[in-house]
Amino acid sequence: MALLQRKTDIGPPHYEQFLPPVIKKNYGKWKYHEILSPGIMVHVAESGDEIYTVRVASPRLLSTDTIREISDIADKYCNGYLRFTSRNNIEFLVSNKKNVELIKKELKEKGYTIGGIGSRVSNVVHTQGWVHCHSACTDASGLVKVLMDELYEYFTTKELPNKVRLAVACCVNMCGAVHCSDIAIVGVHRKTPTINHEMVIKLCEIPTTIASCPTRAISPDPAKKSVKINEEKCMYCGNCFTVCPPIDIHDPENDGVAIVVGGKVSSLRSDPKFSKLAIPFFYNNPPRWPEVVSAVKNILETYAKHAKKHERIGEWIERIGWERFFKLTGIEFTFQHLDDFTFSRETFRTSAAFKW
Amino acid sequence: MALLQRKTDIGPPHYEQFLPPVIKKNYGKWKYHEILSPGIMVHVAESGDEIYTVRVASPRLLSTDTIREISDIADKYCNGYLRFTSRNNIEFLVSNKKNVELIKKELKEKGYTIGGIGSRVSNVVHTQGWVHCHSACTDASGLVKVLMDELYEYFTTKELPNKVRLAVACCVNMCGAVHCSDIAIVGVHRKTPTINHEMVIKLCEIPTTIASCPTRAISPDPAKKSVKINEEKCMYCGNCFTVCPPIDIHDPENDGVAIVVGGKVSSLRSDPKFSKLAIPFFYNNPPRWPEVVSAVKNILETYAKHAKKHERIGEWIERIGWERFFKLTGIEFTFQHLDDFTFSRETFRTSAAFKW
Amino acid sequence: MAKKYETPLLDELEKGPWPSFVKEFKKAAKRSEIASDGLGQLEKSYRTKRGYWKHGGIVGVLGYGGGVIGRYSSLPEEFPGVAHNHTVRINQPSGWFYTTKALREICDIWDKYGSGLTNFHGSTGDMILLGTRTENLEPIFSELTSRGWDLGGSGSAMRTPSCCVGPARCEWSNIDTLDITYSITQEFQDELHRPAFPYKFKIKTAGCAVDCIASIARADLSIIGTWKGNIKIDQAEVKRYAKNGMDIQAEIVDMCPTECISYDKKEGLTINNEECNRCMHCIAKMNKALRPGDIKGATLLVGSKAPIVVGAMLSWVIVPFIELKPPYQELKDLTRKMIEWWDENGRARERIGEVIESKGMRPFLEYIGVPPMPQQVKAPRRDPFFFWAKTDLK
Amino acid sequence: MAKKYETPLLDELEKGPWPSFVKEFKKAAKRSEIASDGLGQLEKSYRTKRGYWKHGGIVGVLGYGGGVIGRYSSLPEEFPGVAHNHTVRINQPSGWFYTTKALREICDIWDKYGSGLTNFHGSTGDMILLGTRTENLEPIFSELTSRGWDLGGSGSAMRTPSCCVGPARCEWSNIDTLDITYSITQEFQDELHRPAFPYKFKIKTAGCAVDCIASIARADLSIIGTWKGNIKIDQAEVKRYAKNGMDIQAEIVDMCPTECISYDKKEGLTINNEECNRCMHCIAKMNKALRPGDIKGATLLVGSKAPIVVGAMLSWVIVPFIELKPPYQELKDLTRKMIEWWDENGRARERIGEVIESKGMRPFLEYIGVPPMPQQVKAPRRDPFFFWAKTDLK
Ligand code: SRM
Ligand code: SRM
Ligand code: SRM
Ligand code: SRM
Ligand code: SF4
Ligand code: SF4
Ligand code: SF4
Ligand code: SF4
Ligand code: SF4
Ligand code: SF4
Ligand code: SF4
Ligand code: SF4
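Protein chains in written order, with my numbering: chain H, 2 to 357; chain V, 2 to 357; chain R, 14 to 407; chain Z, 14 to 407.
Each hint should be verified, as a subset may be incorrect.
[Unchecked claim] Residues of chain R clear of chain V, computed beta-carbon distances all greater than 10 Å: (1) GLY53; (2) LEU116; (3) ASP124; (4) PHE133; (5) ASP203; (6) PRO211; (7) GLY242; (8) LYS279; (9) GLY359; (10) ASP405.
[Said to hold, decoys possible] Non-contacting residues of chain V with respect to chain Z, defined by C-beta distances greater than 12 Å in every case (computed): (11) ILE11; (12) MET42; (13) GLU102; (14) LYS310; (15) SER352.
[What the hints assert, rightly or not] Straight-line alpha carbon distances no greater than 25 Å define the calculated DSS-like cross-link-like pairs of lysine-lysine that follow: (16) R:LYS245 to V:LYS32; (17) Z:LYS372 to V:LYS192; (18) Z:LYS28 to Z:LYS39; (19) R:LYS241 to V:LYS30; (20) Z:LYS338 to H:LYS25; (21) Z:LYS62 to H:LYS298; (22) R:LYS40 to V:LYS111; (23) V:LYS234 to Z:LYS43; (24) V:LYS298 to V:LYS328; (25) H:LYS32 to Z:LYS245; (26) Z:LYS125 to Z:LYS36; (27) V:LYS229 to Z:LYS372; (28) H:LYS77 to H:LYS111; (29) R:LYS252 to V:LYS30; (30) V:LYS356 to Z:LYS241; (31) V:LYS234 to Z:LYS28; (32) R:LYS125 to R:LYS16; (33) R:LYS338 to R:LYS245; (34) H:LYS109 to Z:LYS114; (35) Z:LYS28 to Z:LYS43; (36) R:LYS125 to R:LYS39; (37) H:LYS310 to Z:LYS407; (38) R:LYS301 to V:LYS310; (39) R:LYS338 to V:LYS164; (40) R:LYS298 to R:LYS279.
Hints in this document: simulated from the structure, not taken from any laboratory.
For each residue, glycine too, the CB sits at the ideal point set by N, CA and C.
Take the sequences, apply the hints, and build the full model.
Printed below as a string of structure tokens:
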């Protein structure tokens, strides 16, 4: 057993040992880059040195088999160097220009998907879903798969006015960056949780449970030595369930997903923005959620058709106005779209100027 | 006694009887207008008829003597018709073009100030102040007088990029439209009110008093059968004083005024806007508040110098950024400028893009 | 009357070119003790930097709960003339049009019973008679009403509605602001004179989005005229503007918030009316060349108010478009429904906007029977804590 | 291992061109019961439309309070392989650079002790090993640490910091994102491994305002590189962009948020750097022609997070400009002060941004010793309820 070598608090290995030599040499001295194709770019250093990046789609959920396979490829063409991106793509770091075409060929042969660079859809930031999380209202990996099957060409070839960042989170904890994505899917509940009072007594701290509720819907139920929920106030966030599992929020009949749009995090042109509600609900329809996929596609393509070059989805919508967004996409406006949370006041229209 | 004729609920007299014949004839059929000079405009009807308006400044607080005097003038040149504007100016309605020069001459001779039309400063919307209100932290009429003495030419002649709406309110009840004005002065307190407990018992309803506090600073003081105020939470709004006068908010040592800027109500170009804090405090310095006057003038003239034609103050500031506004005006940025009320979150900067 | 007080500080405010309220005070003080003692007390305020008025309590006229603001000096021994110093609010005629005859009538009454000081006008719109004693209120009221005038609102009541000059002298008015205001004022006489609401309720009417009455900032119900259909363009006049030196590209095209205007020297001005949000900028700045479209109506907005207690609010779009023709029945019915809902749901001293904010827009809309529309929001909600009514779940 | 479950629904997700996570599952399922039972349970979830995982409770390795997410099936009889299904979070190297040697090392350990399933990477940045039993945690930990790897954060602790690729492969990075992240991670090892905060605390570092790590949306402390000084222009390259068909007026000039760029075919591009807010648009879209200025540093922003409980937040500018040179002492000290203040003022499960919002920005700034600056706000406050400290009154 290797247990003798157990250490603590050593932190991650130093990044330097993982950098290809050309990067070590030109670290901090890159001059410009050029996007050569939807999945290949070159960065040129002040020294004239170059590094080619070949980006490949990843389902993020990888078996060790696949990791070994990409390692083999990286050994062959990248001297054993590669990286992952902040959106979970794989980047092969090719120092030798000649290898670019070769690695491309091999990747294609092996069925890898090259793309995601430039003004297009890149990989979908997402979360655990039914694969691993107790909190999930839907499955994240499945939604990503069916979405990207449909939007495949927007990753590999087609151009859009700007980058479109997609995300999926399986509950309102939003472990993905759903709250600031161009288009995102978030799992939602729609009914007040059921309470297993006996288990509450055993497993939960009542004050913590009460405090966990953002809308103050939970109050003590002294008779039952448990808690009760005011249905009028509950917004089904599931926060109570996280701190007190016997308050079960799951309800296959009423759980599903919402689509939010228009978020961004970069500061280019306009301030970072929160995503806003586009469509409040779809029933879970696994394995391929066709209604959700076509709704996302509709939004994406309406944007592609109407936005100016370099406009992100949120910028486009703010320019044309949300009333026009609903008209162009044909999405129905419902009571759910009207904010009723803390900042509702700031969302109501305070101007006589708007479009029909 | 005329008491026999007492009537109730008759409402105001019908407006029609007060309209000059040319207005009655062309009611709703005006075609265009032209601003002939800073205080004179003509409206032309589809019929070709014209009505000339000669606008004259008013201190709003008028003696019956003055009302009789302007009535005499209106009789002479306007067939006895005149009106007041929503900013309390007097408008002489001249149907006969020939009378325009004559009335102008007489008004000048009698010392009236003609102006306020077009892209300039018009009259100052204001409130009662020490003249009449129990709630006042300052005097409104006095501030208006000293401001307009200084900005006189911006009413009578000088042009600005657009209209500049000034307002003065003597307390945060803001009976003027301070909260949406280009530049406004608002009376503020700075210390927690003092409580006369004996009188509280006599005069005040405790629950109403507690409920009146926007920051929940007031709580019952069962010992004294009165209330107490949490100094940390009190924002000196004076609301408690209004519902319960023995909680006295007045404090000549610490009362004064703040200047807010950038509000507007029209929907032209951009949405109506709230005024925002420019300068948190000036001591009351009657009779002429010189520091306040020069601060307002500085803001006005910085705007005049830098804004684009047709930009309102708030539009100019939003284009250049508040950080630039503070730099250009040389106004110091203090802790008071940082919002700490309900919507503070929405005022904090959430972008890496800002100016030095 | 002889001069009663030295007013060295206020005298400073007789200097300078802007009309002086102190001069007005002095004129009235010649005849009225209220005015002269008011002046004396004001001088003292200028010296000590604080006011000396007491909160009014309830004074008024028989059968009315409002229209008079009670005011007493806290120094009645020092300034007996203003021991009582009440304000009488007279409901102004729509649009503040007067004949000199009418003005003199008011002056006569006021010289007889009051200080001779007025405000033309108060911020809500009333004609304000500034300073009288309790015992004069009934006589004043009789004289006024017998001559066709009535009191305005105060307290937790409908307040005196007011409006912009509108069709009387403005080419942009999409609605008859004066008539609407008159008609509504008559409709709500009882509510105006007998406070029975949770708090005040103000109505202001503007003929277009220019909003010369600032309705969007200070009316519980803001009625703002608007139109559907194309902006009318007179290309000859466009040319004239260009000739007279207007930089049409910079002043009009580039400032259009929806980027829906284009200009070409030859073609003239083109507007993509589909995208226009009717902000009024181009029309206002080129008023001879451009005119609003033909289908006239109004937008109803609800909820604006001054900052206390929950912070200032602007009015929110509730009904994007409504036709307004006499007798304005739909408007009146809707207004009553709004007030009813507010009355049922609001606590004392809560304005309607505050109640909508705290109870949510949905119950309000459902009660008054208006469906959700994207025109009601700047943007849809962000945080995904949607509420589902039982009826929303199938 | 033989195929254990029919998965008709999941099989549908092997179809289509995008890489299939089901295929990954099946690969691992060939060798691992955890993976195969995981697949079985997932198929059931797809059938019944609900998850079957239980909240984890506390599992972990000796001396650490985090780094492992405990997870149990709620159907252990039906799917014994995932009765335990814990996640091991491994702190990734800065910028997610790896050698294949390192990757294989991890794979070897994981094939030995776990499901063979991973996430490359988790949303916070960790390498995630997905699915193992409690008894394997200590061995895995020993194998990892003996080879130079350590666990990442979980629970109410410092979380694994992460960063964009930065100077390693990006021409715009104003700071050494990789080194800062490494240095900070080492500095806060104790806080990372032993949860003692009110709630989680995340740090993310981006080299510029493009923010390729989304730090402004999901980090309690967002470090974003920036510069002072003029944007460098290569006019020859500007010409080349024009020649290659870029509409510089539309794509660059008209999209500059501060309107500080002008372009003229002859003169080329001119930037009024005084007014530039360094948004990165022009640089990003003309990267060969434009480069950031020379004085490098960073903006520190605080407070972003996901919606629960008070709604989503973006980070707020706290320190507009700070130089960041090794050993980053000022940054570390400031970070400690921020955490200290949060710790003293926050309740359990309150993120730092929530505490700042509820206690006010002022006490926070005063505690960490940063003065108020207009750069910290989009706009100053509106409602005039200013707070005055005793020290503010003279
Ligand atoms: C590799 C990566 C950083 C990393 O450390 O992993 C990266 C790399 C680059 N980004 Fe990024 N960005 C990466 C995530 C992001 C993110 C974060 C995210 O998506 O969660 C953002 C913010 C998105 C947002 O605003 O919501 C991001 C917004 C941008 C932008 C801004 C686009 C815009 O106009 O708003 C640019 C500039 C551009 O494209 O012109 C940019 C530009 C670039 C450049 C050109 C920077 C450079 O000079 O090398 C790099 C390649 C461009 C490309 O992929 O098109 N990168 N980039 C990330 C790749 C993710 C992926 O696999 O697709
Ligand atoms: C007489 C009056 C209406 C009334 O019923 O009394 C009025 C009358 C006109 N306004 Fe107004 N406005 C009047 C108060 C307002 C107000 C309300 C206020 O100030 O409280 C506003 C909103 C201010 C704001 O947004 O904060 C107002 C914003 C405008 C604007 C918008 C300016 C802008 O670009 O934002 C215009 C259009 C313009 O000037 O191009 C305008 C245009 C006009 C026109 C040209 C309309 C017309 O075709 O007749 C009128 C004369 C113009 C002038 O005075 O320059 N009027 N105008 C009010 C005169 C007040 C005064 O004595 O100065
Ligand atoms: C006379 C007038 C100011 C003026 O000099 O013109 C006025 C005077 C007073 N207002 Fe006002 N308000 C006046 C228009 C306004 C306006 C403007 C408007 O109506 O367009 C506002 C802002 C809009 C709004 O309603 O929010 C306004 C917002 C307030 C408030 C704050 C209400 C709120 O919900 O925030 C109070 C406080 C209160 O109601 O207790 C208030 C209270 C008062 C009181 C009654 C003070 C009190 O608490 O007893 C003042 C009596 C002063 C006096 O001694 O005469 N007054 N008040 C205006 C009424 C004259 C008229 O009838 O025409
Ligand atoms: C694994 C991961 C999602 C993923 O698939 O990548 C994840 C998974 C969980 N997150 Fe998360 N969060 C993960 C990144 C995030 C992020 C994104 C980030 O860190 O950049 C966020 C949004 C940013 C933020 O922190 O606000 C995030 C916001 C939450 C929240 C809401 C926190 C809040 O203050 O609003 C919770 C709820 C909680 O803490 O109880 C949460 C809770 C959870 C828990 C621990 C569920 C729970 O309550 O026990 C999930 C465990 C799932 C599982 O079974 O494995 N997770 N979580 C991510 C961590 C992997 C890693 O270490 O790299
Ligand atoms: S988003 Fe919710 S369900 Fe999904 S991983 Fe995060 S906490 Fe779990
Ligand atoms: S689901 Fe959310 S809103 Fe509903 S009771 Fe639980 S914590 Fe409260
Ligand atoms: S603003 Fe305040 S002090 Fe002035 S009149 Fe209104 S309530 Fe009175
Ligand atoms: S002054 Fe305002 S904040 Fe202070 S106690 Fe009175 S009501 Fe509350
Ligand atoms: S609001 Fe419109 S209609 Fe009324 S006066 Fe102003 S510009 Fe004319
Ligand atoms: S009214 Fe406003 S939005 Fe419409 S065309 Fe004119 S400027 Fe543009
Ligand atoms: S954030 Fe800036 S420095 Fe970092 S990778 Fe993106 S563009 Fe480059
Ligand atoms: S960085 Fe942004 S603000 Fe600065 S010049 Fe470029 S586009 Fe304009």
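Hints versus structure:
no.	hint	in the structure
1	GLY53	holds (12 Å)
2	LEU116	violated (5 Å)
3	ASP124	violated (5 Å)
4	PHE133	violated (5 Å)
5	ASP203	violated (7 Å)
6	PRO211	holds (12 Å)
7	GLY242	holds (17 Å)
8	LYS279	holds (24 Å)
9	GLY359	holds (12 Å)
10	ASP405	holds (29 Å)
11	ILE11	holds (39 Å)
12	MET42	holds (33 Å)
13	GLU102	holds (45 Å)
14	LYS310	holds (15 Å)
15	SER352	violated (7 Å)
16	R:LYS245 to V:LYS32	holds (12 Å)
17	Z:LYS372 to V:LYS192	holds (20 Å)
18	Z:LYS28 to Z:LYS39	holds (14 Å)
19	R:LYS241 to V:LYS30	holds (18 Å)
20	Z:LYS338 to H:LYS25	holds (18 Å)
21	Z:LYS62 to H:LYS298	holds (23 Å)
22	R:LYS40 to V:LYS111	holds (16 Å)
23	V:LYS234 to Z:LYS43	violated (64 Å)
24	V:LYS298 to V:LYS328	holds (16 Å)
25	H:LYS32 to Z:LYS245	holds (12 Å)
26	Z:LYS125 to Z:LYS36	holds (21 Å)
27	V:LYS229 to Z:LYS372	holds (21 Å)
28	H:LYS77 to H:LYS111	holds (14 Å)
29	R:LYS252 to V:LYS30	holds (24 Å)
30	V:LYS356 to Z:LYS241	holds (10 Å)
31	V:LYS234 to Z:LYS28	violated (61 Å)
32	R:LYS125 to R:LYS16	holds (20 Å)
33	R:LYS338 to R:LYS245	holds (23 Å)
34	H:LYS109 to Z:LYS114	holds (24 Å)
35	Z:LYS28 to Z:LYS43	holds (19 Å)
36	R:LYS125 to R:LYS39	holds (17 Å)
37	H:LYS310 to Z:LYS407	violated (56 Å)
38	R:LYS301 to V:LYS310	holds (19 Å)
39	R:LYS338 to V:LYS164	violated (32 Å)
40	R:LYS298 to R:LYS279	holds (20 Å)
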